[in-house]
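> All residue numbers for the sequence shown refer to the numbering used here, where the first residue is 179 and numbers rise by one.
Bear in mind the hints are in silico, worked out from the structure with no lab data behind them.
Please read all numbers here as calculations on a predicted model, not as lab measurements.
For glycine and all other residues, C-beta sits at the position ideal for the given N, C-alpha and C.
Please note: incorrect hints may appear among the correct ones.
The following label-pair restraints were derived from C-beta to C-beta distances [stated by the list, open to error]:
(1) Pro180 to Leu200: 27 to 33 Å
(2) Ala209 to Val239: 17 to 23 Å
(3) Ala236 to Ala216: 32 to 38 Å
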Amino acid sequence: MPIRIGTFALAAAAMAAAVFDLTGSLLAAIAAAAIPFALGATNIMPFAGWAVPVVFVAWAVTARTLAPPANAAAPSPDRAVLAAAPPAAD
179 MPIRIGTFAL
189 AAAAMAAAVF
199 DLTGSLLAAI
209 AAAAIPFALG
219 ATNIMPFAGW
229 AVPVVFVAWA
239 VTARTLAPPA
249 NAAAPSPDRA
259 VLAAAPPAAD
């Protein structure tokens, strides 16, 4: 029993860290951490107790490693340089 509680507490801590990284909200992280702990420790859905945090940790890691999307409305850097250059003399 203590090993099961510890396992789900560790999963809840991982999910709290992932949600905090994704949202920046401590309140959302605490609320999200309660979900896998409650599902696993009460044995209602023990697989969800560790599977849900795995999904959130993978989501947070992916969000950290992918480059942010480029803004299509912003001018591209090469055009910005050309626009700032003086006109060519003939």
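> Taking the hints in turn, state whether each one holds.
Verification of the supplied hints:
| no. | hint | result |
| --- | --- | --- |
| 1 | Pro180 to Leu200: 27 to 33 Å | holds, 30 Å |
| 2 | Ala209 to Val239: 17 to 23 Å | holds, 21 Å |
| 3 | Ala236 to Ala216: 32 to 38 Å | violated, 21 Å |
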